[in-house]
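There are 2 protein chains.
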Amino acid sequence: MITKASTPKGMRDFSPSVMFRRNYIFSVVKSAFEKYGFSPIQTPAMENSETLTGKYGDEGDRLIFKVLNSGDFLSKANCDSSSTSKELKKQISDKALRYDLTVPFARYVVQNRNDITFPFKRYQMQNVWRADRPQKGRFREFFQCDADIIGTKSLISEIELVQLSDEVFTSLNIPNIEICINNRKVLNGMVEIMGCPELFNNIVIILDKLDRIGIDKVKEEMSSEGVSEDGILVLERFLNSSDVSELSDLLKQSEIGKKGVEELQFVSENISKLGLKTAQLKFDITLARGIDYYTGCILEVKQNDVKIGSVAGGGRYDNLTSVFGLDDVSGVGISFGIDRIYMVMEELNCFPENIDQNTRVMFANFGEKESVFCLGLLKQLRENGISSELYPTSVKMKKQMNYADKKGVEFVVMIGEDEMNSEKITVKDMKLGNQEQISISEFITKLQ
Amino acid sequence: MITKASTPKGMRDFSPSVMFRRNYIFSVVKSAFEKYGFSPIQTPAMENSETLTGKYGDEGDRLIFKVLNSGDFLSKANCDSSSTSKELKKQISDKALRYDLTVPFARYVVQNRNDITFPFKRYQMQNVWRADRPQKGRFREFFQCDADIIGTKSLISEIELVQLSDEVFTSLNIPNIEICINNRKVLNGMVEIMGCPELFNNIVIILDKLDRIGIDKVKEEMSSEGVSEDGILVLERFLNSSDVSELSDLLKQSEIGKKGVEELQFVSENISKLGLKTAQLKFDITLARGIDYYTGCILEVKQNDVKIGSVAGGGRYDNLTSVFGLDDVSGVGISFGIDRIYMVMEELNCFPENIDQNTRVMFANFGEKESVFCLGLLKQLRENGISSELYPTSVKMKKQMNYADKKGVEFVVMIGEDEMNSEKITVKDMKLGNQEQISISEFITKLQ
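In order, the protein sequences belong to chains A and B. For what it's worth, this note's numbering labels the leading residue of the first sequence as 12, then goes sequentially. For what it's worth, this note's numbering labels the leading residue of the second sequence as 12, then goes sequentially.
Careful: at least some of the hints might be erroneous.
Pairs count within a copy or across copies, as identical chains cannot be separated in the list.
[Said to hold, decoys possible] Think about it this way: if two alpha-carbon atoms lie no more than 20 Å apart in a straight line, the pair counts; the simulated PhoX-like pairs of lysine-lysine are:
no. : residue 1 : residue 2
1   : K66       : K293
2   : K410      : K164
3   : K87       : K101
4   : K439      : K101
5   : K417      : K66
6   : K87       : K97
7   : K15       : K220
8   : K66       : K409
9   : K100      : K87
10  : K41       : K20
11  : K417      : K442
12  : K41       : K435
13  : K100      : K66
14  : K101      : K15
15  : K220      : K263
16  : K20       : K418
17  : K97       : K380
18  : K100      : K407
19  : K228      : K407
20  : K87       : K164
21  : K407      : K101
22  : K15       : K288
Read the hints as simulated data drawn from the structure, not as lab findings.
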């Protein structure tokens, strides 16, 4: 019986040309992380269900992929025609696939706390899985690259993450990067001054939509949520404040607000003193991502030419590990979205030329005797670190050249009777189209 | 409620010191693959169940991890108290986790056959999952690194895989590597000459155990399987044949056997002409791994000092993609076992020194003013590609030095009032224990 060759919904194969590009992004991000002193860890694809359940809200719980217990899973379950999926799920599945890197990291930290020297700077680059409805740019398996510094409240860490973002996007050659920064405490202060701290969550959710729905609609929605007219006037003043010192003035009546402004000031003043390579740092009071999670600084990185949402984001959290029984671990982290970064780089043509050119030299195959002769030369090339190969059979030259062409080979070496009897090889330059006779050592020098 | 921090049975966290070592192995293997002209692909962690089911035998089917359908999975299932696990499984799970890289690769090739230029040299480095009983050295999640050349029957490919194995283990600095080679056709011929071709499978299974059970037990088992006394005498002659030419003589009555010897000869003669860097190539007639799968050459790589089984293995197959509806795709491949390679390298001390030393320089933190000053110097170091960091808070020096020590930092830079007012920084060499005052530019030169 023949099986149909297909991939599950929302999951992707990556072909060589895509893989070369993805690997390029991975290696740039990895180098930047390591240059900043972050160390790699990895956690397993599967976690015990209780590690993940309840950590991402009801919506998240629904989207976690569950792994069926192996063996005769039903024997230990109570299942009859009245069973519901929810009841049965717990009985037949005790493991689930990683949904993000943060919760497994928190679990890792608690489990390994005796071996970790804090502050702990770790990075983690792994796939995560979500049973989301697949759509353009949203997949059920995707890659996350996270860097976190935990075990310190120092704002030096926030400065590092801003610099790290600048480093990553500069190295990737992506222009017009904007690093937006806000602070949860500033938002707390603002809502206090607006006179409705009890509406905090509703207010930030509406505020977060400002870009899409405009100021009038924002005011309308706030009003219907119960924000007073005075409160909305205060909000407008905050939205119009153009820099951190104005903000400071607006927040002078709020203790928590003043703290937030101080933090923002420390980060932004130091960054402006140090300078960024190519990115712009910008304060944005409407930035409220992960608001039920972050407790201090909030970061979001955008590319201004491609409308695709954020390419990285993060912030400071105070209770990463409490849920696993370890209190008072403050941290700050950032997550880079590899799929979006890929799309931006494709659209803006940021990938280096010849990125999917792997084999530099191909030896054409003119028959057994010639190909055996080529093996010796091939070995010399490889010993000199030159990526090269021999076409395995002596099929028509057209087919061999087509292969070389598709693979983006730079040079095709042709060895026939003549070349075997002389000290010269015939080399065809695939870009220029010309041929020359040179010695193998001259050729190697040329390639280095 | 507090969740207990633990990993599922048979699954592992990898801490920084392990990850640095694993990443080192990955990067060496990847470089070797690419130098030989292999291109990377990746397939999703999940496949449709029908892609995997029935491809690994009954035992394999049992060990495949199944993913529960998302949402209200029971609504479409027929489940009552008489349901069996097997019946229900099909109804509530239509996806499964990758069990190896070969079947997903075959599926990939068929699905993308119009975009692939054959022969196709691909490598793939990804995790696989098996619901095996965990034991020492056997995990439920482990990494495979496969390289295959498909779409050609040329024996040049076999030569390449032998060279590639030599390249990988030489680059990893692992001594005493033995590459064992056999050929399915030689085994077919031998069993033909033994006079019992119908017992082929039983014979090779017994033969494969020779190492463990010894020759007398092998003869005994063969005899009880129905091999004649003459047959056993023939077998002994084969086992005593010390090289390929003797084999040739023994097989002169078998067409398929002669073909097998020719193939072996072509590979081994060319390899001995070309020479290997450090590995030994050895013919081993008892080598019978994957015998229901391989059709020609069989390869197995062992390290002779560590008793751990094979560190790589592979062979030629003729019908990789038939099951997905594409006939006549011959290929040859090899798979490197990263976990075993890791264990061998640990035991033989093959990892480079300082492999888990990531941060080369740490700036000690003496307070806010000093640390802000350090940020500027830190930036200069990083701009020169030097991995470095600033301790984020001004805690006791002992704690900071302990952190530097644990992280394997080479130099700690100390900047106090004096250093801020002079052009010199104080640098402590963590290995030698001494301190010196130098300028930042002298320090950068020293580090390059």
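Verification of the hints:
no., hint, result
1, K66 to K293, "neither (31 Å within a copy, 55 Å between copies)"
2, K410 to K164, "between (63 Å within a copy, 16 Å between copies)"
3, K87 to K101, "both (11 Å within a copy, 18 Å between copies)"
4, K439 to K101, "neither (64 Å within a copy, 56 Å between copies)"
5, K417 to K66, "neither (47 Å within a copy, 32 Å between copies)"
6, K87 to K97, "both (16 Å within a copy, 14 Å between copies)"
7, K15 to K220, "neither (44 Å within a copy, 38 Å between copies)"
8, K66 to K409, "neither (59 Å within a copy, 37 Å between copies)"
9, K100 to K87, "both (12 Å within a copy, 14 Å between copies)"
10, K41 to K20, "neither (30 Å within a copy, 29 Å between copies)"
11, K417 to K442, "within (13 Å within a copy, 51 Å between copies)"
12, K41 to K435, "neither (43 Å within a copy, 32 Å between copies)"
13, K100 to K66, "within (17 Å within a copy, 28 Å between copies)"
14, K101 to K15, "between (32 Å within a copy, 17 Å between copies)"
15, K220 to K263, "neither (27 Å within a copy, 81 Å between copies)"
16, K20 to K418, "neither (30 Å within a copy, 43 Å between copies)"
17, K97 to K380, "neither (68 Å within a copy, 57 Å between copies)"
18, K100 to K407, "neither (59 Å within a copy, 51 Å between copies)"
19, K228 to K407, "neither (69 Å within a copy, 53 Å between copies)"
20, K87 to K164, "neither (47 Å within a copy, 51 Å between copies)"
21, K407 to K101, "neither (61 Å within a copy, 49 Å between copies)"
22, K15 to K288, "neither (50 Å within a copy, 44 Å between copies)"
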